[in-house]
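Enquirer: Residue numbers (this note's numbering), protein chains in the order written: chain A, 109 to 722; chain B, 123 to 195.
Hints in this document: simulated from the structure, not taken from any laboratory.
There could be a bad hint or two in this list.
Derived pair list, reagent style SDA-like, types lysine to any residue, alpha-carbon separation capped at 20 Å [claimed, not checked]:
{"#": "1", "chain 1": "A", "residue 1": "K341", "chain 2": "B", "residue 2": "A144"}
{"#": "2", "chain 1": "A", "residue 1": "K119", "chain 2": "B", "residue 2": "D189"}
{"#": "3", "chain 1": "A", "residue 1": "K166", "chain 2": "B", "residue 2": "K152"}
{"#": "4", "chain 1": "B", "residue 1": "K185", "chain 2": "B", "residue 2": "V151"}
{"#": "5", "chain 1": "A", "residue 1": "K341", "chain 2": "A", "residue 2": "V684"}
{"#": "6", "chain 1": "A", "residue 1": "K286", "chain 2": "A", "residue 2": "K341"}
{"#": "7", "chain 1": "A", "residue 1": "K162", "chain 2": "B", "residue 2": "V151"}
To give an idea of the chain B side of the interface with chain A (calculated C-beta under 7 Å), a few residues [stated by the list, open to error]:
{"#": "8", "residue": "I159"}
{"#": "9", "residue": "V180"}
{"#": "10", "residue": "A182"}
{"#": "11", "residue": "K185"}
{"#": "12", "residue": "E187"}
Beta carbons are placed, not taken as given, at the ideal position from N, Cα and C, and that holds for glycine.
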Amino acid sequence: MTKRQRKNLYKILISAALILVSAIFVKNECVQISLFCAAYALSGFDVLCSAVRKIFSKQLFDEEILMSVATVGALILQEFSEAAMVMTLYQLGELFQSVAVGKSRRSIKELMKLKADFATVIRDGREIRVTPEEISKGETILVIPGEKVALDGIIEEGYSFFDSSSLTGESLPRELKKGDYVFSGMINIQSPVKIKTESVYRESTVAKILNLVETSSAYKSQSEKFITKFSRKYTPCVFFAALATAIVPTLLFGQSFSVWLRRALVFLIVSCPCALVISVPLSFFGAIGAASKKGVLIKGSEHIETLSKTTTIAFDKTGTVTKGEFSVSKICAFGISEEKLLEITAYAESFSNHPIALSIIKEYGKEIHKERIKNVITIPGKGISAEIDGKRVLAGSRQLLIDNEIHIPYKGEGVTGVCVAYDNSAAGFILLEDKVKENATESLQALKKAGIKRIVMLTGDNEETALKVQKEVGADEAYAELLPQDKVEKVLLLKKEGITAFVGDGINDAPVLSCVDVGFAMGALGSDAAVEAADIVIMNDNLSAIGQAVALSKKTMKIVRQNIALSLGVKFGVMVLSILGFDNMYAAIFADVGVMIIAVLNAMRMMSREVFST
Amino acid sequence: MIKKYEVSEIDCAVCAGKIEDAIKKIDGVKSAQLNFIMQTLTVEAEEADFSRIEKEIVKAGRKTERDFELREI
């Protein structure tokens, strides 16, 4: 609690004590009234002063003014205890709101504690502690275990493990050594390293993420826009309704003025739209905060709202559903064993760093004795010729073998593969494929459970591969052999049939990302293009984050709707009841403060860390 | 140019909205955004105007929230 909040709390407690003592123990009417007035003055002095100031600065429809009018009206009607009670409870509500907002702010700031408070820079051989903003590009910083990396850079000296969980939500530490790129916001957990900075703070990963989250309120959701508009109209409307309630029945039907004035005062008590105005943005912000803790950056509450209504999700295949790296899927050997075929191919490819070569060497997995290899010749675009243990090996495309007049019964049309000849005859072929991510199938099933009706896969790959992956992961539809512009067209068609999200790697997919309703970019740590193009950025490579984001959006919207319905329902209920004659001011203020407390507590559920579980 | 501030002592979201509206009306302010939850204010204006605008922002803020304060970050 801040000093101001504590001061208000004491005032409220003393006022409440005065009211209780006066109501229960004091029998003398004069003493009773003076005690109530004292309680009223104590709790209401600030509000009354502020109301007077606001009347002079022409801010007429302010809640403080309306509360002042309501309680002064009660005093005029000689309802001293009600005036004191309303003011005390109103102050209690304000205090609660202020404490709750402070708590939420703190927990959100906690979630976003990515920025290092200081960094140790090495200048002229001396270690100096400065703020991250004071370091320029190209300087060397020292990061000891337990410290956050202040700026993006490359490790110059040392070797350590880094915790990137606050950036990507990934719990496994990353092992980084000399020459590796380190992102700001990672925490060094093992041994000291020296890092040469690659950017200034303003351009670092952390600054970009923080900026993104802080400015996310710029993309406001429909609900928030509605609340803002509504709150501007609500208070004046209630004021005029109260005025009409006080005057019309008396003037037109000759009814008792004091009865209807009482009813009008009840209107004023529920005139503040605070419960709505505070709880709706709080829910959205809590959701954005909880997601960012898990490495999912949502650029605005607008996207949460749209995502909650999404029915179709389209995935890019390579690098999104699949790993984007090749692995051996089939070895077919003629005349020699499969192990032997893999061995000679790995040896032949050992001087290449082509992704296919690397994946074959990885599959082989044993040490390569380079002295066994001689006369390596690379035939551009076709493959490699080498002598292994004195025998000639050809490894590459089918054309390479045909060129050497070797016939091979190749069964890998439309699939990536390597044909091998050994000792001048066909030895076999190795087929490679891009493997589906481990959790792809369950992630897509989770999307179905979260209410996504249609899962579509788009790929530039051939039909055969596309169908195979579609079947494996359980997507509803797959479209193959699409050029980038075809993907855009396809997505526009899908959009006509329902709100559509697209998931891509964010680098090649920028045009698609920008034309869908919600664009997800995956594996985007360090990629500006992806952060720029997408609405929701998934920092790590985890597909399950998409299902969680959908579930989170639905939960958020549910809480927002509950709060809107609850607050408006109770307020209108109180007004209707008061016209019907249940004009109890205690009940009205209880209802108003109570609803605000419930709505804020409901919204604060979004802050809990469990909301976005992995 | 764009400047960013930390604002303090705004407890009520309605008040934040009112203050934002008032700031947008200040002469020379091209755009203004008050983030109630993060307690940050982003103002875009010509560099030469900022010292005057800052004073007016505080004045506008205090009309709605007595203890309104502004700190550049």
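Enquirer: Next, verify each hint and record whether it holds.
Expert: For each hint, the structure was consulted:
| no. | hint | in the structure |
| --- | --- | --- |
| 1 | A:K341 <-> B:A144 | holds (17 Å) |
| 2 | A:K119 <-> B:D189 | holds (18 Å) |
| 3 | A:K166 <-> B:K152 | violated (25 Å) |
| 4 | B:K185 <-> B:V151 | holds (18 Å) |
| 5 | A:K341 <-> A:V684 | holds (19 Å) |
| 6 | A:K286 <-> A:K341 | violated (61 Å) |
| 7 | A:K162 <-> B:V151 | violated (24 Å) |
| 8 | I159 | holds (5 Å) |
| 9 | V180 | violated (14 Å) |
| 10 | A182 | violated (10 Å) |
| 11 | K185 | holds (5 Å) |
| 12 | E187 | violated (9 Å) |
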